[in-house]
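Trainee: The lines below spell out each chain.
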Amino acid sequence: MLYFDHAATTPVHPNVAEKMDEVSRLDYGNPSSVYSSGRSSKSIIETARSQTAKMIDAEPSEIFFTGSGTESNNIVIWSVLHQKNKHVITSCIEHPAVLKVLEELTAFGLTYDILPVDSTGLINPSDLKSAIKKDTGLISIMYVNNEVGTIQKFDKLTEIAKEHSIPFHSDCVQSLGKIPISTKDLKIDYMSFSAHKFYGPKGIGFLFKRNGVPIKPLVIGGGQESNIRAGTENLSGIAGLGVAAELVSIELEERANHLRELETYFKSKIYDICPQAIFHGNTNFYAPGICSLAIPKCKNEVILAKLDRKGIEISNGSACSSGTVGLSLVLKEMGIEDEINKSTIRVSFGRENRIEDVSILVKSIGEILNE
Amino acid sequence: MNEPIIVGISGGVDSSVTALRLKEEGFDVECVFMKNWEGESDQCDAEQDYKDALSVCNSIGVPLRSTNFSNEYWKNVFKNFIDEYSKGRTPNPDILCNKEVKFKAFLNYAKDIGGAKIATGHYARIKESGHSYQLLKGVDDDKDQSYFLYLLNQEMLSNSLFPIGGIEKQEVRKIAKKNGLLNHAKKDSTGICFIGEQKFFKEFLKKYIPKHPGTIKSVDGEICGEHEGLSYYTIGQRKGLGVGGGFGNNDDPWYVSEKDLSSNTLIISQGSNHPSLYHKNLSADSLHWISGYAPSKNDNLSAKIRYRQKDQTCTITSLSGESCNVQFMIPQFAVTPGQSIVFYDGEICLGGGIINNRS
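Chains as they are written, first to last, in the working numbering: chain G, 1 to 371; chain W, 372 to 730.
Just so you know, the hints here were simulated from the structure itself, not pulled from any lab data.
Glycine included, every Cβ here is placed at the ideal spot set by N, Cα and C.
Heads up, some of the hints might be wrong.
[As the list claims (entries may be wrong)] Cross-link-like lysine-lysine pairs, in silico, DSS-like; alpha carbons within 27 Å at most:
1) W:Lys482 / G:Lys306
2) G:Lys299 / G:Lys269
3) W:Lys422 / G:Lys297
4) W:Lys488 / W:Lys422
5) G:Lys310 / W:Lys422
6) G:Lys269 / G:Lys342
[What the hints assert, rightly or not] Some chain W residues near chain G, calculated using beta-carbon distances under 7 Å:
7) Arg436
8) Asn439
9) Asn442
10) Glu443
11) Leu522
12) Pro646
With these hints in hand, go ahead and build the complete structure from the sequences.
Mentor: Shown next as structure tokens:
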């Protein structure tokens, strides 16, 4: 089987699995307990916190473990309800883990505006400037888009936020392991991450919160995670996340180069078999390894089904839990017409893919087009 | 690799056993879950149905895909449904759904993804003789669904399989249970798929068809009350008229016997045997014949004017193009414009049309 859907999720790295296995077998202590097994569990968490902080050039005290990227987004957005300024600015290509939360919270007095994007998925900074209101209390903009890979120009966007002293949040789940992230360089106050996008386990994520900026918990209880996320910690998940983070720190450059190599090869070979292929997204500002492309006049569900039959897994945009399928809203917002939208597939590469695998993928697409 | 049979799976027991039987017969089987309606009300049901379908596919060991025909359904089925109700008629969207969605959009999709044929969990059978295909009733008399399939044509039939048409519902449930399918006892779906339970029907229609209140009169001309709009009522309807409780000559219930569109009057009569509820003749149009040809003689001809009705002996008294006049041997209860009349020669479903008028 060949897997090319790493933007949906990634296979767990063997070192991560090994660590999780070890922790779940040996470390049963409650990290809050004061005796030996508890202390040992606590130290596993704090090691993982340091590993995680190092990956994004942050302080360990700025890392909070959560259940997912979605939960991290929720904590930040719900916090707005505790502020005087309840207006939020976001973009039209956000994940539902941001857009649906905002929609839901309007019942509690939150208001929000949605910024448009251009045909490559980029936000125009002047749109952000003019959307700012007196009571804007948060700007939430995704870093790397999950469907087309476009990277926002955060230097300009965060500068505007700073000028107006508005806290800035970013859903960063697609960025780790593809592009370098340094919280010291990025002027961002809150960032959401998820372990399973960089070869860690599912069901664990984390929130970066810059020291000194406010936050309120969603889940309240025994005070774990510095009162930001109560509940006995997912010990093996956190340990796995720590190892996955350490691997990113070590291998980032190698991984990014590998993705770039696969992607370049894929693009050139696709044009050989389908000269009219259209690649979406921005050619200058994008994360390596995510290819969103339309094969005109060929419906994506047909390509997906036929590749699946050959044991090759790709997707048609973002995955959905109920099995529903439809047009990509991100592409719609980018102004891509419906016919092209229906013909768009997403191929996202990962560390275990080899050039030979990509060659099989292209060959298989070629066979399908010739049927 | 063989071209697979593409099974339309709903999460119910019939389509699940359909997939199972084909797989056991040695076919390559793939299942497809169709989403034909985008609405809040059915969101939870659709998600549960999908989960059931996935569980069944996993236990049979076949892949499940999903696709969305809600555009096609809206354009080619639902618009007609609202249109017909606005005209005071009572359409049957499930018949149109088969023609436009399951045996057109889905069939095309199945062919596009490389399928050999499609299969569904309908209680009906297909008989091939030479180069022509006949649609036969399902062997389970009580469950026979040929009534809903009368708009199928030769090409659709030649590309379809109904693997459970030859067995009884009870047997289908038994097979499901024996094979450990989790939905073996799941309740049959009833009513129109996008509305769900019948009791919500009027509320649903009100979202699409504005109220148009008028008078309710008895067949004798007596004013009995007010209605909210003729579209919300159906010929033969008993419940929800707001008339009863000792009104009239006795305690017998009241029925809708006619809708007078020109005066916006709902005409009702008391007792299920009232003559105004019965007609011996009807005219139908939009005729379709499964074989491509109208029957040449009336011998052994019968018809149903609603699903699950017993076959009624009848004669086609005149036929021109897509319209015909039909006479029944005995008067029929609640002959309803907009509903379909489906003709049979024994167990063969010949085709049918849409009831236009009665006398």
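Trainee: For which of the previously enumerated hints does the structure constitute a violation, in increasing order of number?
Mentor: 3, 9, 10, 11, 12
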